[in-house]
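Student: Listed in order, the protein sequences are those of chains A, B, C and D.
So for the first sequence, the working numbering puts the first residue at 189; every next one is plus one.
So for the second sequence, the working numbering puts the first residue at 189; every next one is plus one.
So for the third sequence, the working numbering puts the first residue at 8; every next one is plus one.
So for the fourth sequence, the working numbering puts the first residue at 8; every next one is plus one.
Hints in this document: simulated from the structure, not taken from any laboratory.
Please note that the accuracy of each hint is not assured.
[Stated by the list, open to error] Partial pick of chain A residues on the chain C-facing surface, computed with a CB cut under 8 Å: (1) SER245; (2) ARG246; (3) GLY247; (4) VAL248; (5) CYS252; (6) VAL253; (7) ILE445; (8) ASN446; (9) GLU447; (10) ALA456.
[As the list claims (entries may be wrong)] Interface residues of chain A toward chain B, partial, derived using beta-carbon atoms under 7 Å: (11) LEU233; (12) PHE321; (13) SER420; (14) GLY441; (15) ALA453; (16) ALA464; (17) GLY465; (18) THR466; (19) VAL470.
C-beta: ideal position from N, C-alpha, C; glycine also.
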Amino acid sequence: MHQEQLKKNLRNDFPSLTKKILSNDLVYFDTAASAQKPSVVIEALGDFYANHYSNVSRGVHTLCVEATFKYEDARKKVQKFINAKSENEIIFTKNATESINLVAQTYFKKFMQSGDEIILSVMEHHSNLLPWFFLRDNYGVILKFINIDQDGQLDLDHFQSLITDKTKLVAITHLSNVFGTITDKKIIQISRENNLHVLLDGCQSASHLKVDVTELDCDFFVFSGHKLYGPSGIGVLYGKENLLNELPPFLGGGGMINEVSLDGATYAALPAKYEAGTPPMVEAYGLGVAIDYINNIGMENVELYEKELTDYASQKMSDLNFVNRYSNSINKTSIISFNLKNIHAHEVASFLDVEGIAVRAGHHCCQPLMKILDVPATARASFGIYNNKHEVDYFIDALIKCNSFFSVK
Amino acid sequence: MHQEQLKKNLRNDFPSLTKKILSNDLVYFDTAASAQKPSVVIEALGDFYANHYSNVSRGVHTLCVEATFKYEDARKKVQKFINAKSENEIIFTKNATESINLVAQTYFKKFMQSGDEIILSVMEHHSNLLPWFFLRDNYGVILKFINIDQDGQLDLDHFQSLITDKTKLVAITHLSNVFGTITDKKIIQISRENNLHVLLDGCQSASHLKVDVTELDCDFFVFSGHKLYGPSGIGVLYGKENLLNELPPFLGGGGMINEVSLDGATYAALPAKYEAGTPPMVEAYGLGVAIDYINNIGMENVELYEKELTDYASQKMSDLNFVNRYSNSINKTSIISFNLKNIHAHEVASFLDVEGIAVRAGHHCCQPLMKILDVPATARASFGIYNNKHEVDYFIDALIKCNSFFSVK
Amino acid sequence: MSDLLKELYQEIIIDHGNTPRNFGECENFNKSADGHNPLCGDKVHLTLHLDDDDIIKDIKFTGVGCAISIASTSLMTQSLKNNSLDYAMRLFEDFSNLVTGSETSLKMLNEEDSLYALKGVSAFPMRVKCATLSWHAFKAAINDN
Amino acid sequence: MSDLLKELYQEIIIDHGNTPRNFGECENFNKSADGHNPLCGDKVHLTLHLDDDDIIKDIKFTGVGCAISIASTSLMTQSLKNNSLDYAMRLFEDFSNLVTGSETSLKMLNEEDSLYALKGVSAFPMRVKCATLSWHAFKAAINDN
Ligand SMILES: Cc1ncc(COP(=O)(O)O)c(C=O)c1O
Ligand SMILES: Cc1ncc(COP(=O)(O)O)c(C=O)c1O
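The whole structure should be built from the sequences, with the hints applied where relevant.
Tutor: Now the structure itself:
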């Protein structure tokens, strides 16, 4: 039944999808960059501001009670959504990028020293590279990079060959934002066997896969609300409670303290310890509402539906001999990077835009991967719960038109 | 005319102010913690999500163009609002607390070493203490604290006596969130004469005073959108362009880079350099709309109106012999901290809440100051553009009732 | 005057808030803990003497705070003194339910108990922490060997 | 097929995009600069020979990028070669106005100029950077003594 719902009705839940681009219906194939929002989320933000708004946590008046409860309730929703064991394991940040920086800075201070090693992969997003580069630049941490095979899957043998007794942490994407490939759980098992901590960049997986951090047994998991049909300005860091308790604080300020004198301070317990200053409270609430919305569809249904749509599009695209796709992996979903032969990705994106189709073109914040693929840029079509096969067909037709437009000239 | 407008109509622009607390009209005297939002701001957020939403900066499709232009337009509005010289001087963060942490971390790396000194004051908010405490704890920076006089004004003589040839930076509040006192500009002049950099914590001043960073000649100015009638989840860092150019990056990730390889990265130019990851783009836009709204009233009018209201309330409160106010300074606005004799601030806040009046009770994130005042907590009434004398009268009556309620028992 | 406030600030609360019982420090305490509510600055220092049979022979406190937290602490010490640890723990559960408005699940407390006077707190969710501060300190004192 | 696209990808653009003119490096260059658009990966390496009278005697480029950026660079080199620096700077201003849609303020460019073919860019605001990349590199080369 939910599968049927996905196939029919969801589009109407998203006001932005009724937009026309020039005179064409919008076909939004850019969910990997950021998802559109269902009206329940948009309205919830307005309702918070219009009826329950105040700063959180520090007052006794009614609005403050309402705002605080809404904010903390959102934390519970996130906790359940990824099956964390405790609310204390859910830290609200501004985006996944902040979450990764938080882990990088604090993890180094607690667990590492110069010469210790961190394993990343060659296909990481800049947001899962730069925070670790800083550790290399400033403290002499050594970074190693897992290679990928030609389908865009991490090379497990290569991974194992990188592990030494200096290795402390593995920080890798859970679902590639270029290939759509899903990271094999074995990588976590191997890490466990070698006593390595694991950070999963769940920016893409959180909206496409059912995530269970307890079952995955990762130590850290990060994602952003805006890719999960929630508002901008909100990110999440999941960390195992014992680890987060051990790590030092990150940003300092109001709300993250216990006692302060001019001589020093003691810090608040989790999760407040990592939430300095007024948090993105309405945004957190909006994310909670987005999670309710998705739960109502069922993440299993989302997974099935998007997988089918991705396979359908991949098949159709492989029938076009002028299209290069950059991953043929079967273990992938929702994201297809491609190029039209002899046509720059920007031309393709501009052409499609005029047809009403929104795709990304560029390096997708993965410049090192582009170098490996030996292209300056790719075009990327990415799907969300509101997309359908009809749109894929329209997209395929547009690719054909695009190809002939640029070939004829 | 605008003064008249302030006196009459503004309340209706704020949907939350029509709320009833039990059966009483809401009197919102907690703007110093966070301001309520005019409907233009609330609706603008909805409009962005429903009609123009996409991730910013990295795509060529229509929605991306619209979102990017809205985001960058907000930056221009902030720039003009505080009269910065260039858009490159406006960095969007999640809140003022992040802005201060950003300055603390990067400023130290560029300009300081162990043993160097920073001057703060005893009445700083925790958010303008903890980031500097971290420098003291981790790098041996020396912190000194300007005393206050009995009206809650910084002691300029004491300030001058603290300056040594090791002093690099002065980081102080522009308007005290406990006293409402306005920092004397002389402190910036003196700092200039001594070649010290100056950071002003403008969290409170941005919404109550006309701020001109060029005229003030401060090096850094920080504030949060949520106290300026804008959304939660958005903060601002203003920094002089040459300084921001010299400082190293803060958070690393997508959007703040120029070129990335596995061996290293070069960083984007300002302002992108300090905006890692997907920014709070809808929130920035909302802040821009809030600024339009305030500009339409005129910051000069706001200043006059709130000053008058504050003086009126101070006068009325000073007529109540059971009330202690903590600052009699004439150079203050919008904020009044007080206690009822022999009644804990929490009792007062709960009592007032039942009457429909929202005030804060606590340490206001200024525990060191509370120790100096020798109280565990104060109650704080703070005003915004939507408040009026009628509400103050009602508040005064409620204080009288509160006093007799607790005294009779 | 609102009924909610009358409920909250019953005479016994004001009385205990102004003149707390068992104020001070036990002479021969073997358990102690400090409680602190950073949001409001309330502080309690709790000392107690637990004998070999797990009976709370003495319990005293010092601290600063609002009427609710002082009164709640004072009433707690009265309720716990000369009672068993087991009793205390079950009472804590009941008390938590009382002040958070889950009255239906009360097992021991009823209107006759002085602690019942804190029922009014349930209408003020942000004050629950004031009322339970000393109980958390009590738990911390017990757990801290 | 949309008119906007036809406007954008005029024959001359496609032509210059596929077979750029002045591709390579000047033999005796005395000015050079690299341009890079991090958002899309377009890159240009520009070399030029400016004589003592501030005449651009030679100008060439290498680089990778989309049709718009390659064509724009190719057309720029044609327009600048053998012209004065002053002329080049004024042309830059006109060109910027052209591609951002401020046609009314054009002082030198008109429909006869080959550069005018880039007018279609103005309907694609995110592509403006593609069209102006080489001009910014030119400016950088001049300013970099
Ligand atoms: C003076 C002052 N500084 C800093 C802050 C911190 O602002 P935010 O919590 O928005 O980061 C506040 C407000 O809480 C404040 O009043
Ligand atoms: C795989 C991956 N990691 C990290 C990020 C960064 O997320 P954000 O920009 O929301 O911080 C993204 C999205 O841009 C992503 O796709």
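Student: Under 7 Å is the threshold here; is the Cβ of A:THR466 close enough to any Cβ of chain B for the hint to stand?
Tutor: Given a least distance of 5 Å, the restraint on A:THR466 holds.
Student: Could you check if A:CYS252 really has its C-beta closer than 8 Å to a C-beta on chain C?
Tutor: A:CYS252 check passes; min Cβ-Cβ to chain C is 7 Å, inside 8 Å.
Student: Please check whether A:ILE445 passes as an interface residue: C-beta within 8 Å of a C-beta belonging to chain C.
Tutor: holds (7 Å)
Student: Would the stated hint for A:ALA453 survive a check requiring a Cβ distance to chain B of less than 7 Å?
Tutor: holds (6 Å)
Student: Is the interface hint satisfied for A:VAL253? The criterion is a beta-carbon contact with chain C at less than 8 Å.
Tutor: holds (5 Å)
Student: Is the interface hint for A:ASN446 satisfied, with its Cβ closer than 8 Å to some Cβ of chain C?
Tutor: holds (5 Å)
Student: When the nearest CB of chain C is found for A:SER245, is that gap smaller than 8 Å?
Tutor: holds (6 Å)
Student: Using 8 Å as the Cβ threshold, decide whether A:VAL248 counts as touching chain C.
Tutor: It holds, given that the least Cβ distance between A:VAL248 and chain C is near 4 Å, below 8 Å.
Student: If you take the shortest Cβ to Cβ gap from A:GLU447 to chain C, is it below 8 Å?
Tutor: holds (7 Å)
Student: Restraint: A:GLY247 near chain C, CB-CB cut 8 Å. Satisfied or not?
Tutor: Hint on A:GLY247: holds, closest Cβ of chain C at ~7 Å, below 8 Å.
Student: Quick check on A:PHE321 please, does its C-beta sit within 7 Å of some C-beta on chain B?
Tutor: Status holds, d = 6 Å.
Student: Any CB of chain B closer than 7 Å to the CB of A:GLY441?
Tutor: Nearest chain B Cβ about 3 Å off; hint holds.
No hint from the list above goes unmet by this structure.
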